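Those protein sequences? They're chains A and B, same order as listed.
Under numbering that gives the first Met the number 0, the residue at position 186 of the first sequence is numbered 185, and the numbers go up by one with no gaps.
Under numbering that gives the first Met the number 0, the residue at position 585 of the second sequence is numbered 584, and the numbers go up by one with no gaps.
Simulated from the structure, these hints should not be mistaken for laboratory data.
Don't take every hint at face value.
Just so you know, same-sequence chains aren't split out, so a pair can sit in one copy or run between any two.
With a cut-off of at most 30 angstroms between alpha-carbon atoms, the simulated BS3-like pairs for lysine-lysine come out as follows [what the hints assert, rightly or not]:
| hint | residue 1 | residue 2 |
| --- | --- | --- |
| 1 | Lys680 | Lys595 |
| 2 | Lys234 | Lys148 |
| 3 | Lys373 | Lys333 |
| 4 | Lys379 | Lys321 |
| 5 | Lys286 | Lys541 |
| 6 | Lys338 | Lys286 |
| 7 | Lys481 | Lys405 |
| 8 | Lys333 | Lys321 |
| 9 | Lys118 | Lys680 |
| 10 | Lys333 | Lys243 |
Note that this is a predicted model, so its numbers are computed, not measured.
2 protein chains.
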Amino acid sequence: MRKNFLCSRLRLLMISAFCSLAFVGVQVPADEGMWTFDNPPTKQLNERYGFTPTPEWLDHVRLSSVRFNDGGSGSFVSPHGLALTNHHVAFGQLQKVSTPQKDYVKDGFYARTPAEELKCPDLEVNVLMSMENVTARVRGVLKSGQSDKEALEARKAEIAKIEKESLDATGLRSDVISLYQGGEYWLYRYKKYTDLRLVFAPERQIAFFGGDPDNFTYPRYDLDMALFRVYENDKPIETPNYLKWNARGAADGELVFVSGNPGSTSRLETVAQIENARDYYLPIRLKILNARLDVLKRYSSEGSEQARQAANQIFGISNSLKDLTGMYSGLLDKTLIEKRQKEEADFRALVAGNPEWNSRYASAWDEIAGAEKKAVSRLKESRYRTTGGRLAGMALNIVQYVAEVKKPDGVRLDGFHDSQLESLRFRLFSPAPVYPHLEETLLAHSLNEAMEELGANDPFVKAALEGGTPKATAETLVAGTKLKEVAFRKSLIEGGEAAVAASTDPMIAMARRIDPLAREIRKWFEDNVESVDTSAGEKIGKARFAVYGKSTYPDATFTLRLSYGAVKGYPMNGTIAPPFTTLYGLYDRAYSFGQKPPFDLPDRFAQRRDTLNLSTPMNFVSTCDIIGGNSGSPVINRQAELVGLIFDGNIEGLVGDYVYNESNNRAVAVHTGVMIEALRKVYEAGALADELEGR
Amino acid sequence: MRKNFLCSRLRLLMISAFCSLAFVGVQVPADEGMWTFDNPPTKQLNERYGFTPTPEWLDHVRLSSVRFNDGGSGSFVSPHGLALTNHHVAFGQLQKVSTPQKDYVKDGFYARTPAEELKCPDLEVNVLMSMENVTARVRGVLKSGQSDKEALEARKAEIAKIEKESLDATGLRSDVISLYQGGEYWLYRYKKYTDLRLVFAPERQIAFFGGDPDNFTYPRYDLDMALFRVYENDKPIETPNYLKWNARGAADGELVFVSGNPGSTSRLETVAQIENARDYYLPIRLKILNARLDVLKRYSSEGSEQARQAANQIFGISNSLKDLTGMYSGLLDKTLIEKRQKEEADFRALVAGNPEWNSRYASAWDEIAGAEKKAVSRLKESRYRTTGGRLAGMALNIVQYVAEVKKPDGVRLDGFHDSQLESLRFRLFSPAPVYPHLEETLLAHSLNEAMEELGANDPFVKAALEGGTPKATAETLVAGTKLKEVAFRKSLIEGGEAAVAASTDPMIAMARRIDPLAREIRKWFEDNVESVDTSAGEKIGKARFAVYGKSTYPDATFTLRLSYGAVKGYPMNGTIAPPFTTLYGLYDRAYSFGQKPPFDLPDRFAQRRDTLNLSTPMNFVSTCDIIGGNSGSPVINRQAELVGLIFDGNIEGLVGDYVYNESNNRAVAVHTGVMIEALRKVYEAGALADELEGR
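Same shape as in the complex, but just chain A (with noise of 0.2 angstroms):
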């Protein structure tokens, strides 16, 4: 699965320092590239597919396209508002809907009339209504003599202007975001929707056929598809841009696109970063990951209810680590640091070779490789000192929150600019159900994890459990704090400083004590690590213009990209795995392995096979460059009408963070022939299929 875990967990630690910053020449081969809509391949597409998309077809395919932004991407797929993405991309949202007695995620849902389709408690999508230029504006404020840190701080007090302006005057939420490493800056807004409806979820058995085994491998045959209808005004909304639905999907060798947000790329770092990401980075990270699975494993055993409640999470923590491994694994093959050491030589000797950019670039690399060793020497700090559980992060962003809003709007803490409060706020004010006992048992393992490695005398570790054990302050704090009811968040954000300094519920008092010794190191990462990586990434970015030109796309950002390709088989452990899968392959290996899971089929399917048309394409793949965060976009033809929905991808592709293969690389996506044959004969959904298909 491609859900877009990754990169919200580096958001949520802060560390800068993972971000990819360089910006290195390469000829961008065929079919490769997550391109911005400003700056769409038109010269590959013509020169391979004779196909050039005009601005019409841009701006249609963009307004179409929507981001979910817990980590997703999805499309419009009718007039009335409804939005096709992953089963996995809804996952989270099935799981705060459903009860015990009424588990969503496992059996599915359908609302056969208006009136049952059920209201998301935290859900956000965006639109991507415009996009504009401001790398002058930014660029405006650095003046010749600042440090790397003043210069830092320069920018993103201009970034927040430029954001709140645009937001004062449009409405709409904006985004300044760095592209090509600050190479430009952009500013995007976006309509934002927080009324969805959940109209259709298959049950997560037939979503997540083959679970963790099959997760990002192929042949395929997963209908990991929902369909959330967006309102306004507690109404569907209207909109002519939706993209048509084409049952017959694309075939073999067609040219098909990508229209999504994938979350974060390392294509363009360089060669020191890509080493600390292999030796340092990815190591600790699978150490945490894993060590979290453990007690989330141990969680779910102790009975159905609490499986239920970890399922969402484990289901994330396997995908990452599935992710990371074989991301690491292809860091560890020396041919792929061979090609990026030969690159980045080849370029750094054009640079030298011309006196200019010599004296203005290239001491660039250098400067990065020097912020990277800092770098390491508090990782495990950076790592370590944090805490489990939604209750204790939502008190961290309330202690913090009510400082920062007092602020200039500059100077604050990415986060809490004006233009992301509205959002931070429909997270902290979610009504979305708390599961006590599972809260207790992340935070004790976080606590428990920061003492184990960082010792019984780190000042986080003693502010955190002020000399008591792991287990008993995380049962004390979990059972004490108030932080459980929605309206007691928002007392404390309505109260600011005053309300939060006086509490006396414990998590506060908890993230009170921890919040200076957060922001030190976050200060600290930015002084030394960050404000340096934007200052050298920014002059390798300015390099790579002035060198090769703007033949490129800029590294993943989480933002709208077009990728295009075909569909096609590839070399596959000896043979060749198949442009598309069938529903015959499902029952194939289902009884392979006797129906055990996780190769067990629904109910459902065991009992309607005979009425289904087995030759019907269930999954298929292309050679579009896609990466975590892509999970939902929606798979295009010429003319724009919705082939497939793009939920994974294949294992070849994991190094695809730092190298995109067309030979093996493969965006893996449902077929749109076996949704509309499962509505219709599995789910006797009918009406809602109809609605899909425009009859």
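Mind docking chain B on chain A? Use the hints.
For chain B alone, coordinates are given in the frame of chain A:
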């Protein structure tokens, strides 16, 4: 496919340097091994599976097993002489009984009555009747002070004598084989059958569904079966030694056995030998096979009849190429070589630590390394001084035959001992069709290759071409030779040396010219490589018994062996391969590729799909340790009932020539269930299915 192409090519080229010679000490882990029937793995079977085969069980399995002498295995599956093997083992015979008008390879074959059963032109099968340890007798002729060369000659003479005596005494085919690299010598006596009649074969398209891409891979969907009936005195034989059919097959995890004839393995080779294989032998073999495949494919593209004629050879070479490429990749993996280096170093240290062993055996490794170095010096000549096509091969056989049979048995070239002559004549007098244009093509190619690789002044090239071009020479020879007629071949053999010397047949004339050169290089290898390897190999074999005892199995020698293991899936390309596949999967794979060849279904399978129970198991995998030559071997359960039919190994096991890895080395078999389902419902062969099921 695991047919024994490799082994037969090796014999043809007469390079003993390839044979595995050394015998190092490794503790055998569970499920590994190709065990001789005199030394079954009772300890492992008992400890791991709680099963102890009785002597009766072993005798029954051995006498129910059949060796197909052109490179495969098989078994008796009815009291009336029905023998089951793979379609790809039967391929050569199917081609020989086909005509341009009746293509049984393409259309399949079923004899509804005994009268319709089709007699095969030159198929010999053997049943192993007895095994006798003759080590003492063979060693008895060795004298101290003999050179390696003298010792080799003495051994060979004694072996020929033993074989001749046994043949005269029993009338049974009698072969002395060297096991444990000369650690033991055994006399194997075989009952020989040469009247085999084709009863059933499916279309090649379903037998080899997925073609070269799917070859050596799994999951798999092949009906790779063929049935012959064994006749004696123009009547089907009657035998109590056949395997009862069990159409339910074996369960996931169940203990199963494979009884068959693995062709050759190199698990006990010294590091020097493995390195030479990696650096010299395999690269040159791959080059030669690739060139030959190109020639055959060009020939094949000339028309459908040419395609039919070349199909079996194209399959054989493609199969070898995929196998050898996998093996070569395995050898390039440093961990494998390092593992073997460590094993060898440990073994040598133990030998060196005992003064007696040290003086007797320690020199052996360096002796082999020296011989290996010498072998490389004439590798190119040995590889390229050869002629392509059946006619040229038969010509050299005839020229050598008449010279050799006059000599005492003990000093003849291998292949011309009394005990081998009947089988040789059976092949030489085969009435199978000769395709002159194909013969020309292959002969011209081999002559041209020799000229390019060895130069126009090479004695072999001069002798073969006599100044002509390869193409013209091949055309003249093929057009002018009467060897196409069986009667002419017979007349030469019967006429003896005088007839051959007097013959003006141009192909015979060429064979007379190249015969001395063929003898010279064969002799050189015997004197400089084989004799050293045999003596040194015997030392290592003895050292092995001294240090570790007889706790393991010998390398494969295309003689009967017993493997054991469990039905079991395995980790594959990021996910899990299932223990079984089903008929659903056949249709999935066909439709997944839009039925493009080699994923197209025979008409019968497309038409009768709805009559089939698609959940019938089709293929399955087990941990049984097999190698090329095991094709057609029965898979049996504890009750010695037939549950499957070996036809391939998986790609992960291609390095099995050198090392067995239980975690992912798998033997791939056709399930007994699908054979019955297809016979009854697709081929309307209910009577045959009844005979198999004993109804």
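Here is what the structure says about each hint:
1. In this homomeric assembly, Lys680 and Lys595 come within 30 angstroms of each other (Cα to Cα) both inside a single copy, at 25 angstroms, and across copies, at 29 angstroms.
2. In the homo-oligomer, the alpha carbons of Lys234 and Lys148 never lie at most 30 angstroms apart, since the shortest distance is 48 angstroms inside one protomer and 97 angstroms across protomers.
3. For the identical chains of this complex, Lys373 and Lys333 are intra-copy neighbours only, at 25 angstroms inside a copy versus 36 angstroms across copies, given an alpha-carbon limit of 30 angstroms.
4. For the identical chains of this complex, Lys379 and Lys321 are intra-copy neighbours only, at 23 angstroms inside a copy versus 48 angstroms across copies, given an alpha-carbon limit of 30 angstroms.
5. For the identical chains of this complex, Lys286 and Lys541 are neighbours neither inside a copy (37 angstroms) nor across copies (49 angstroms), given an alpha-carbon limit of 30 angstroms.
6. Both within a single protomer and between protomers do Lys338 and Lys286 lie at most 30 angstroms apart by alpha-carbon distance, with minima of 28 angstroms and 29 angstroms respectively.
7. Taking CA atoms no more than 30 angstroms apart as the test, Lys481 paired with Lys405 passes inside one copy only; the shortest distance there is 25 angstroms, against 105 angstroms between copies.
8. Both within a single protomer and between protomers do Lys333 and Lys321 lie at most 30 angstroms apart by alpha-carbon distance, with minima of 21 angstroms and 26 angstroms respectively.
9. In this assembly of identical chains, the alpha carbons of Lys118 and Lys680 lie at most 30 angstroms apart only when taken from the same copy (26 angstroms versus 53 angstroms across copies).
10. For the identical chains of this complex, Lys333 and Lys243 are neighbours neither inside a copy (45 angstroms) nor across copies (54 angstroms), given an alpha-carbon limit of 30 angstroms.
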